[in-house]
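Listed below, chain by chain, are the residues.
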Amino acid sequence: GAVVSQHPSWVICKSGTSVKIECRSLDFQATTMFWYRQFPKQSLMLMATSNEGSKATYEQGVEKDKFLINHASLTLSTLTVTSAHPEDSSFYICSARGTSGSKGNEQFFGPGTRLTVL
Amino acid sequence: GEDVEQSLFLSVREGDSSVINCTYTDSSSTYLYWYKQEPGAGLQLLTYIFSNMDMKQDQRLTVLLNKKDKHLSLRIADTQTGDSAIYFCAEDKGNTGKLIFGQGTTLQVKP
Chain Y
1 GAVVSQHPSW
11 VICKSGTSVK
21 IECRSLDFQA
31 TTMFWYRQFP
41 KQSLMLMATS
51 NEGSKATYEQ
61 GVEKDKFLIN
71 HASLTLSTLT
81 VTSAHPEDSS
91 FYICSARGTS
101 GSKGNEQFFG
111 PGTRLTVL
Chain Z
1 GEDVEQSLFL
11 SVREGDSSVI
21 NCTYTDSSST
31 YLYWYKQEPG
41 AGLQLLTYIF
51 SNMDMKQDQR
61 LTVLLNKKDK
71 HLSLRIADTQ
81 TGDSAIYFCA
91 EDKGNTGKLI
101 FGQGTTLQVK
111 P
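Protein chains in written order, with the working numbering: chain Y, 1 to 118; chain Z, 1 to 111.
Just chain Z, with the same shape it has in the complex (with noise of 0.2 Å):
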């Protein structure tokens, strides 16, 4: 099975706050990813979330990290239409570098 898993979509209305969930296999991993990708672009770096920390905000931005069940959430506060895009959780497998994806999960955000 994947190591990295997602839904695959969302759809929120402008305003209201989008919640993203992945879980992931790895207990070692160090750090964990959230990235973004718009259409025909590559990834952006959202933010990251170090394995000894619970909750990372930054911004509209809000991670949230359950080590014990190995899951992962990104809340993006007032959400825009500009946040539509596919965002991809993604785990450093064994702290070696290599970037084990999620399926990624596409949010649509209407007007």
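The following block holds chain Y by itself, in its conformation from the complex (with noise of 0.2 Å):
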């Protein structure tokens, strides 16, 4: 099966720091990655829809001067919450989508980055 990527898998910084995470596809090409963000307890929410070579497609309701995505290769997209502040603590989660074939309409989820801000 399809692998992706995340990295870190946890990360702990002081508000007003800036944090970069990376999805990557590890066995496959991704022309669209989406981020999700996850409260305790809660569901999924959808943040923003990375395409390879082009801006980010964000949310309502979502800052992308705060969260930026650079989607850089078709095996990486960078979420990077900048200015962060302990209410962007959070479980943030990103997929992959593949180029052709099964890999065209399924989603491959990495294993989530757990942020803390202090």
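Hints may be right or wrong, so weigh each one.
Here are some chain Y residues pointing at chain Z (derived, C-beta under 10 Å) [unchecked claim]:
#, residue
1, T49
2, C94
3, R97
Only pairs whose alpha carbons sit at most 27 Å apart, straight line, appear in this in silico BS3-like list of lysine-lysine [said to hold, decoys possible]:
#, chain 1, residue 1, chain 2, residue 2
4, Y, K20, Y, K64
5, Y, K41, Z, K110
6, Z, K68, Z, K93
7, Z, K98, Y, K66
8, Z, K98, Y, K20
These are computed hints drawn from the structure, not numbers from a lab. Because the structure is a prediction, the values reported are computed rather than measured. For each residue, glycine too, the CB sits at the ideal point set by N, CA and C.
Join the two chains, each given in its own frame, into one complex according to the hints.
Right, dumping it as structure tokens:
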């Protein structure tokens, strides 16, 4: 099956700093990656859709200047939480959708990144 | 209101069948999904069903789709303690690849 990795798996940072989270598709090319956040005991909320080589599309209510997304290649998308604050503490999960075949419809999820902002 | 709704908790005994229910709102969704999430982990795709199907069976898993009522269910036969997790249903809203998730159903399997 297809594998998606995230790095780091967890991070603790001070308020006001920026944190970058990487999402990589390891064995397939992903034209589209999605970023979700999940609060404890809650569902996943889609934050943005990241397309390789173009600007990300953000969902309503998500600040694009705060959550910077870069999809620089077909295997890598990054989410940078800028000037992080305690309310940004959450579990961030990415998913990647392949370019063709069975992977064309299915999304493969990364293991998630736990962000804690002190 | 929520686009996708699930009951929050289900408790069963090992060996029994579990049925997790979900309702969704977007009748244009082509695919409907069931994901499993274990504590502190990402999501694992369990199964999905194409909207022109009524039922799909995959080993211990059976998915039933009632498109008229926009109701989806996941039945796990012979539930094991390893099945304890949170189960999310999701619809692909507008077939854009953007998944809208339900709140998740916590399945507790008692020995």
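Now for the hints, and whether the structure bears them out:
The criterion of a C-beta within 10 Å of any C-beta in chain Z is met by T49(Y), whose closest approach is roughly 6 Å, and the hint holds. Below 10 Å, beta-carbon pairs count as interface contacts, and C94(Y) has one with chain Z at about 9 Å; its hint therefore holds. The beta carbon of R97(Y) comes within 5 Å of a beta carbon in chain Z, closer than 10 Å, and the hint placing it at the interface holds. For the hint pairing K20(Y) with K64(Y), the CA-to-CA distance comes to about 14 Å; that is within 27 Å, so the pair holds.
A distance of roughly 20 Å separates the Cα atoms of K41(Y) and K110(Z); the hinted pair therefore holds under the 27 Å criterion. Restraint check for K68(Z) and K93(Z): the C-alpha separation of about 17 Å stays at or below 27 Å, so the hint holds. Straight-line distance between C-alpha atoms of K98(Z) and K66(Y) comes to about 21 Å, which keeps the hinted pair within the 27 Å bound. A hinted pair counts as satisfied when its Cα atoms are at most 27 Å apart, and K98(Z) with K20(Y) qualifies at roughly 23 Å.
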